[in-house]
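For this one, chain A is given, so just place chain B on it according to the hints.
Those sequence lines, one after another, are chains A and B.
Take the first sequence: its letter number 262 is residue 412 in the numbering used here, and every next letter is one higher.
Take the second sequence: its letter number 196 is residue 233 in the numbering used here, and every next letter is one higher.
If you're looking for bench data, these hints aren't it; they were derived computationally from the structure.
Hints should not be assumed to be uniformly reliable.
Partial selection, computed: residues in chain B whose CB lies under 7 Å from chain A [to be verified]:
1. 159
2. 214
3. 293
The calculated DSS-like cross-link candidates involving lysine-lysine, where the alpha carbons are at most 25 Å apart (straight line), are [to be verified]:
4. B:286 x A:253
5. A:160 x A:296
6. B:134 x A:160
7. A:204 x B:51
The structure presented is a predicted model; accordingly, all values stated were derived computationally and were not measured.
The beta-carbon is built from N, C-alpha and C at its ideal position, and this holds for glycine as well.
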Amino acid sequence: MENLVLILSKADNIPIVMMLLLFGFFTWLWWREAQKNDALIGAGRYGELQAEGKDRIFTWPYLVRNEFLAAILLMVILTVWSIVLDAPLEAPANPAKTPNPSKAPWYFLGLQEMLVYFDPWIAGVIFPTLIIVGLMAIPYMDRNPKGNGYYTWEQRKFAISTFLFGFFVLWIILIFVGTFLRGPGWNFFMPWANWDPHKVVAMVNVDLHQYFGIRNSVVAFFFGGFVVSAYFATGVIYYYWKKNTEFVKKLGAARFGVMAFLFLSMMGLPIKMVLRWTLNIQYIWVTPWFNI
Amino acid sequence: MQAFFNKMKDSVTKTQVWKSMFRHGYEDTPRNRYLQVLDNVWLHLHPTRIPRHGAYIRFTWCMGGITFLLFLVTAVTGVLLMFYYRPTAEYAFNDMKYLEFDVPFGMFLRNMHRWAAHGMVIAVWLHMFRVFLTGSYKPPREFNWVVGVILLTVTLLLSFTGYLLPWDQLSIWAVTVGTNMARATPLLGHEGPFGPELGMRPDNDVRFVLLGGTQVGPPTLLRFYVLHCIFFPLFLAVFIAVHFWRVRKDGGISGPL
Chain A
151 MENLVLILSK
161 ADNIPIVMML
171 LLFGFFTWLW
181 WREAQKNDAL
191 IGAGRYGELQ
201 AEGKDRIFTW
211 PYLVRNEFLA
221 AILLMVILTV
231 WSIVLDAPLE
241 APANPAKTPN
251 PSKAPWYFLG
261 LQEMLVYFDP
271 WIAGVIFPTL
281 IIVGLMAIPY
291 MDRNPKGNGY
301 YTWEQRKFAI
311 STFLFGFFVL
321 WIILIFVGTF
331 LRGPGWNFFM
341 PWANWDPHKV
351 VAMVNVDLHQ
361 YFGIRNSVVA
371 FFFGGFVVSA
381 YFATGVIYYY
391 WKKNTEFVKK
401 LGAARFGVMA
411 FLFLSMMGLP
421 IKMVLRWTLN
431 IQYIWVTPWF
441 NI
Chain B
38 MQAFFNKMKD
48 SVTKTQVWKS
58 MFRHGYEDTP
68 RNRYLQVLDN
78 VWLHLHPTRI
88 PRHGAYIRFT
98 WCMGGITFLL
108 FLVTAVTGVL
118 LMFYYRPTAE
128 YAFNDMKYLE
138 FDVPFGMFLR
148 NMHRWAAHGM
158 VIAVWLHMFR
168 VFLTGSYKPP
178 REFNWVVGVI
188 LLTVTLLLSF
198 TGYLLPWDQL
208 SIWAVTVGTN
218 MARATPLLGH
228 EGPFGPELGM
238 RPDNDVRFVL
248 LGGTQVGPPT
258 LLRFYVLHCI
268 FFPLFLAVFI
278 AVHFWRVRKD
288 GGISGPL
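Excised from the complex, chain A in its bound form (with noise of 0.2 Å):
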């Protein structure tokens, strides 16, 4: 516990800290919000929503006063945040002793514990092509024109469910996995546990097409290919199988690939993570070039 508590005090992690509270209190605001908007839609009443979007005020002097306000007090909490707290500074660089463990800046933290479900070319290079292009084509694959300009719930659930799981289950939480669990070797700490560099972990893994007795790597690659293909495929099976849907008509083929696409790539994290943790998943599949 003692460890714990000397990673959570780490000057440059007050910020993680300060995010998860504030995370928290957003998230909160908004459910309070969309609870109370969704409430007056499904009375009928919004119209009366609408009408308060209409209502213009001057801007000199409420809105500047807010932000006014807004930058004087942030200035105050950074002022004594940084008075109060050092920016910290190790040992000068040397190429030669490497820390154990050696972390990223924490925002990246994410990135690094994918790493422990997939090889760096995926989880260090073809995520966060994914994460940033993914969150690019939002606006165009969401093709809802509910919930435009106002907090709600109950119209674009699965846009903000999607959203909500890859945001906070997806990099919050790995963040924060990656920075307050994870000690020398990258190996997995409860919070109370001392970080001992000489925990012996067992090497268990084993890839999918080994449970399968496939000793043949010829056979292997194929097997490996044809699941994740199967993977991909659900998206063109549920195509046709919801092909008659408001929700695929509205997308069309190109919008709904493209999000099938993202969205299993998305989902393909947890499911790995989940195979590794219970059936001790290596990888799906092995290939002399690369490895899933």
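Relative to the frame of chain A, chain B by itself:
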């Protein structure tokens, strides 16, 4: 007494110099409220009137503005830090010690730069969170969301390149871990899928370009310094301009349609 103060005031505000700087008075009239915003180079980023909820902190969370303010703080403190810091392996770490122990308010300056940078990362995430939850990326604001994602990425890159500059164990190894990913880039990294087949080696792949060497060394320090102090801030400033411009052009703050 009153007359005396009024006379004093007039002797300042009725001069040609004063009038050349401040075009209108301060009387609380609707006309002046418009002019306060229109005539001010900083405030004219705003429309003169906004929807009522645009001034509610429970709606905007104020996070876009806070992100921008924190960017300005890092820019100002960053320029001051540049006076004392030399981006070479010989001097960088010593200059950090110099800032800490010798430069008046040096440590305060560095602290403020670092905490504002961390705060900016959090604020930009919260801003994205708010914009998503209000559905403000929906038409006609799709493109501004894309610009926002670019700004978010550049914010992280700015923070990451700055992380190396103290040139201590923390920074060099964090950046080593981060940039090691580049060697696994498909096609372009020497450990990435089909990289070796395309002739990628540790001394010619994309990571080599990024680091200016095969490991994080003095050339990397200079490279990250230039990226951190010149390239990314300018890049960010350009896209901030586009972002703010588009907020106005796409109809101001979002609201129920």
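We went through each hint and held it up to the structure:
A least Cβ separation of about 5 Å between residue 159 of chain B and chain A falls short of the 7 Å threshold, and the interface hint therefore holds. Contact between residue 214 of chain B and chain A, as hinted, is supported at the beta carbon level, the nearest pair being about 5 Å apart and thus within 7 Å. For residue 293 of chain B, the suggested interface contact is upheld, since its CB lies about 4 Å from the closest CB of chain A, less than 7 Å. With a CA separation close to 42 Å, the supplied pair residue 286 of chain B and residue 253 of chain A exceeds the 25 Å bound.
Using a Cα cut-off of 25 Å, the hinted pair residue 160 of chain A and residue 296 of chain A is violated, with the two alpha carbons roughly 44 Å apart. A threshold of 25 Å between alpha carbons decides the hint, and for residue 134 of chain B with residue 160 of chain A the separation of about 20 Å falls inside it, so the pair holds. Restraint check for residue 204 of chain A and residue 51 of chain B: the C-alpha separation of about 40 Å exceeds 25 Å, so the hint is violated.
Hints 4, 5 and 7, counting from the list given before, are not met by this structure.
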